[in-house]
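Residue numbers (our numbering), protein chains in the order written: chain G, 1 to 257; chain R, 1001 to 1252.
The hints are simulated quantities; they were obtained by calculation from the structure and are not laboratory data. What you are looking at is a predicted structure, and each value in this text was computed from that prediction instead of being measured. All residues carry an ideal CB built from backbone N, CA and C; glycine is no exception. Errors might be hidden in some of the hints.
Stated by the list, open to error - Calculated from the model, a selection of chain R residues having no Cβ within reach of chain G, i.e. all distances over 12 Å:
| id | residue |
| --- | --- |
| 1 | 1047 |
| 2 | 1100 |
| 3 | 1112 |
| 4 | 1184 |
| 5 | 1203 |
| 6 | 1237 |
Said to hold, decoys possible - Computed Cβ-Cβ distance ranges for the label pairs, DEER-style:
| id | chain 1 | residue 1 | chain 2 | residue 2 | range |
| --- | --- | --- | --- | --- | --- |
| 7 | G | 133 | R | 1196 | 25 to 35 Å |
| 8 | R | 1198 | G | 9 | 46 to 56 Å |
| 9 | R | 1210 | G | 45 | 28 to 38 Å |
| 10 | G | 95 | R | 1201 | 32 to 42 Å |
| 11 | R | 1198 | G | 219 | 29 to 39 Å |
| 12 | G | 45 | R | 1129 | 47 to 57 Å |
| 13 | R | 1128 | G | 133 | 54 to 64 Å |
| 14 | G | 110 | R | 1210 | 34 to 44 Å |
| 15 | R | 1097 | G | 99 | 30 to 40 Å |
| 16 | R | 1189 | G | 71 | 29 to 39 Å |
| 17 | R | 1233 | G | 239 | 45 to 55 Å |
| 18 | R | 1233 | G | 241 | 32 to 42 Å |
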Amino acid sequence: MAEVTFDYGGRVALVTGAGRGLGFATAKTLHQAGATVAVNDRTAESCQAVIARLGGGPRLIAAPADLATTDGPVQAVAQATANGRLDFLINNAAVNVERPIAATDDAHWDQHLSVILRASFLTVQAALPFLRSSRGCIVNIASELGLHAIANNVAYVSAKHGLIAMTKAMAIELAPSGIRANAICPGTMDTELMQECARDSGDPESYYAAFNRYHPIGRLATPDEVAAFVLCLLSPAAAYMTGAAVAIDGGSTAGRL
Amino acid sequence: MTEFAGKTILVTGSTRGIGAAAARLFLERGGSVILHGRRQADVDAAVARLSTTYSGRVRGLSADLSDRTACRALAASIETLDVLVNCGGIFHEAAIAETSPTLWDETVAVNLTAPWVLAQSLLPKLRASRGAIVNVASDAALLGYAGCVAYCASKGALVGLTRALATELTPDVRVLCVCPGPTETDMMRASISVAPDRDKARQQWASYTLLNRVASPVEIGEAILLAASPRASYLTGSLIMADGGATAGKRV
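Please model the complete structure; the sequences and the hints are all you need to start from.
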């Protein structure tokens, strides 16, 4: 990957769902770029584990909260803003369990809609006073499945489409306040979760091969390269971008190979 | 015209507005229509209005769309179905800071979860008839508007629901989404009535469209009928933008 460097010294970021995958990669990359990073995950232990992996120090804040609850987003923001400042909010926390329509029960539907859509809304709402002061920036981690659908994933596809529409509404409402809001739409990433799914499939090689074929570029994304793009969106290089839903999906939504 | 003769169509939110216009068009073209509204009295009045002309082809059911159990009971009371039109929806203006969790939840429940629950519950009947689902979203599914974040999110998600259902249910059931632009309904009138300058508010709605006017409910009803019609047999997963060009370009 080409080296992209940004300097976020003095800036404070909250990354939700930072325990692993893209959330962890984004927290890591922001921290390396000099930002103070508030790490959200469901438990204090998990947040502390991330902080330990990143080497600890004063620029890492634990912000544990269960975002599926109504109070969770408020708690996460309160911890992240203990020093009175927030510049960047990255709504990354998500769940993704594939289910056919018939097997999609209320609990499954509610969990996806709560974590992906409702929590992102409530976190922005809680962070808004701080983002107004800093003329800050929101990045919502959507998915290529916010732009098109696959079968057996109705709750996730609905929630991610909603997240993109929510991003646009926020971008319009907050533009006069100097707050930018954008969404990125990653394709399949080679995360720990992906590796677990591949193992569980019993045939990791063909599991990966199928996903590689699905993306015209012929491979999965690395969380680090997607995180690097999140940093681009937070940077002055993207100062004129707001309300965008950027596909970073190896060409998946662009056409058919 | 008898395009919908022998077909049974459920139109949610059809005691007024776009749903009422669509229901009347389905009846005009031979269909049997199940009207739906939240209050039984409104449903009874709508059924009475249409029964004089379309006797034997109109009935009505009431259900609170924010209540999943009520949605499932509604679905269970229907024996056969050819077309499900998810038209019931709510719109409340509220800035991000003023959108309470309750307002968020109610908006998502009615505009997104009710269409999902009805689609899932009625699926066996729609498969049996090789039917169609028409979700009525909004241009706000694709265009962000200030002051209605919950509405925009719920309608965007409804587009996702449309695509996910279309992908999974093909070729048995076609699933389409009609996205109306600003339409002369009670929903819009309510929004205009609280504006400081009503004429300006009305003109602002119109100005979002290339046609520079708001739609009549019948114009949106026609798009819904097209989506539901066998003439649209190669349309599935599509958005029909009945928005006066709002998403196509911007008047400057």
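Each hint tested on the structure:
1. 1047: 31 Å, holds
2. 1100: 10 Å, violated
3. 1112: 7 Å, violated
4. 1184: Fine: 23 Å to the nearest Cβ keeps residue 1184(R) off the interface.
5. 1203: Non-interface label on residue 1203(R) holds, nearest chain G Cβ at 19 Å vs cutoff 12 Å.
6. 1237: Label violated. Min Cβ-Cβ 7 Å, cutoff 12 Å.
7. 133(G) - 1196(R): 25 to 35 Å: 29 Å, holds
8. 1198(R) - 9(G): 46 to 56 Å: 51 Å, holds
9. 1210(R) - 45(G): 28 to 38 Å: 56 Å, violated
10. 95(G) - 1201(R): 32 to 42 Å: 40 Å, holds
11. 1198(R) - 219(G): 29 to 39 Å: At roughly 57 Å between Cβ atoms, residue 219(G) and residue 1198(R) fall outside 29 to 39 Å, so the hint is violated.
12. 45(G) - 1129(R): 47 to 57 Å: 53 Å, holds
13. 1128(R) - 133(G): 54 to 64 Å: Given about 58 Å between the Cβ atoms, the range holds.
14. 110(G) - 1210(R): 34 to 44 Å: The hinted range 34 to 44 Å holds for residue 110(G) and residue 1210(R), with Cβ atoms some 39 Å apart.
15. 1097(R) - 99(G): 30 to 40 Å: 35 Å Cβ-Cβ, so the 30 to 40 Å window holds.
16. 1189(R) - 71(G): 29 to 39 Å: This hint holds: roughly 37 Å between Cβ atoms.
17. 1233(R) - 239(G): 45 to 55 Å: Cβ of residue 1233(R) to Cβ of residue 239(G): about 48 Å, so the range 45 to 55 Å holds.
18. 1233(R) - 241(G): 32 to 42 Å: Holds, at about 41 Å.
Of the numbered hints given earlier, the model fails hints 2, 3, 6, 9 and 11; all others are met.
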